[in-house]
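*Asks:* Below are the chains, spelled out letter by letter.
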Amino acid sequence: MTSLQLLGFGPGGWGALLLLGALITLAVTATALAIGAVLGALVASMKLSRNLPLAAIGHAYTTVFRGVPELLIIYLIYFGGSSAVTAIGQALGYEGFLGLPSFLAGALAVGIISGAYQAEVYRGAYLAIAPGELEAALAVGMSRRLRLRRIVMPQVIRFAIPGLGNVWQLSLKDSALISVTGLAELMRTSQVAAGSTRQYFLFYIVGGSLYLILTSLSDRIFRRAERQADRSQSVAMIGRG
Amino acid sequence: MDIAFLSQTMATLIKAVPTTLLLFSLSVFFGGLLALLIVWMRVSGNPLLSGFARGYIFVFRGSPLLIQMFLVFYGLGQFGVIRYSFLWPFLREPMVCAVLSLALCTAGYSAEIFRAGLRAVPTREIEAARAIGMSGFLLVRRILAPVAFRHALPAYSTEIVLMMKSTALASLVTVWEVTGVAQRLISQTYRTMEVFLCAALIYLVLNFLILQALALLEYALSKHRRAPSAAAGPLPR
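For the protein sequence lines, the chains are A and B, in the order given.
Residue 241, in UniProt numbering, is where the first sequence stops; the numbers in between run on with no holes.
Residue 237, in UniProt numbering, is where the second sequence stops; the numbers in between run on with no holes.
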């Protein structure tokens, strides 16, 4: 078979499976980013709080999950999660080994790592809000919740977009490590295709190129979002001039 | 807590630390050298060289390290040209493949960091150096390199910590460093949490030491920023 046939969509072609793998990579990264957003917001608010034990927990979270290899965290969630599920199964009377679904384990592991990076992004974005605006909101008698909704959230989201773009790229590349759990995402599919056809070079080049397409496309999308969010700024600048 | 198991695990993992450190130091060294070459090409002003450097940076920063490592480890051996060349005895070794792909990858990231450092060198300093007749290598050695390196150091420290974490991937091409040994222990004993805690502790200590050393270097290179207050004597209270 020629390389073109191997990569094509006909019988014996790996084209469709590789594209499916790319979609699964996108899905698992998006899920991880969502999990990370929740964890990140929580950890950022802990780190910003004046409650010392809470701040210490937040600090420990970001230190550990940014300082330990991603692969080790994936092993922790995948093997640890599976033995927890097995223990629950045994308590309910089910005998034998139960595995944590690899999509869930992978999204959770990458999400926990992404949460540590997102926490720093949100913390930086919060600190970038002009203190005068928070004081002004207090002065006109806004409640805590109203202040969060009208003043804090819109600006945190705007300031956080460039940082979130970086975290997304990081998570996209980390998601390749989920292949060790057997999830058929892009890395794993390239690996299986390479192994069963003995065309290692071809399939790793093609897999790598698909990753390059994913990273450069998403870079473009984040840049557009950044411009979109900064719209009000440029109008205000022009207006002032 | 099973202290006996923990200390036994720790002892097993610590035996793998030299492998991790070897991977780390070789790839930081070769990656740094390659990054200098790429930066030189990127800022050379020659469209061909700078285009190549751009492409290199795009490819190695845009794709996962794991796929690069597998490409080197499994992909290269597929070609008879390489298998029958004098390079094969080296490229057959997992350790060499791991260091090669780690160095190639970090060179892409470091090149961008060094370039940002170069851009931070004030134009007037370069003009002043040119005006008193410095050129070429002397300009690089006395003005560009020290100032740019000082500016690039904080971002480069982050990259070095990322490198330490990336050495874990070498376990997937059968180099038995700390993460690989930890994975083997987990699948033998199923005591995930205990093994994870020991391995995490090792990496956190290593990263802490590296960051301390780099902070010390940063302090040593920032004499010019502290000098004025020291020369003026103790600050008035």
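Treat the hints with care, since some could be wrong.
[As the list claims (entries may be wrong)] These stretches of chain A come out as covered by chain B in the derived footprint (C-beta under 8 angstroms, 3 or more residues):
(1) 12–24
(2) 52–59
(3) 212–226
[Claimed, not checked] Here are a few chain A residues that sit away from chain B, every Cβ distance over 10 angstroms (derived from the structure):
(4) K47
(5) V140
(6) G141
(7) R145
(8) R149
(9) M153
(10) D174
(11) L177
(12) Y204
(13) I205
(14) G207
(15) D230
By construction, these hints were calculated from the structure, which means they are not laboratory data.
Idealized CB from N, CA, C, for every residue including glycine.
*Asks:* The structure should be examined with respect to each hint, and the outcome stated for every one.
*Replies:* Hint-by-hint comparison with the structure:
1. 12–24: With 0 residues in contact (Cβ-Cβ under 8 angstroms with chain B), the coverage given for the segment 12–24 of chain A is violated.
2. 52–59: violated (count 0)
3. 212–226: holds (count 3)
4. K47: holds, 18 angstroms
5. V140: holds, 40 angstroms
6. G141: holds, 41 angstroms
7. R145: holds, 36 angstroms
8. R149: Label holds. Min Cβ-Cβ 34 angstroms, cutoff 10 angstroms.
9. M153: The assertion about M153 (chain A) holds, with a minimum of 28 angstroms to chain B.
10. D174: violated, 8 angstroms
11. L177: violated, 6 angstroms
12. Y204: At about 4 angstroms from chain B, Y204 (chain A) fails to clear the 10 angstroms cut-off, so the statement is violated.
13. I205: violated, 7 angstroms
14. G207: Given a closest Cβ separation of 6 angstroms, the condition is violated.
15. D230: Its Cβ never comes within 10 angstroms of chain B, the nearest being 22 angstroms, so this holds.
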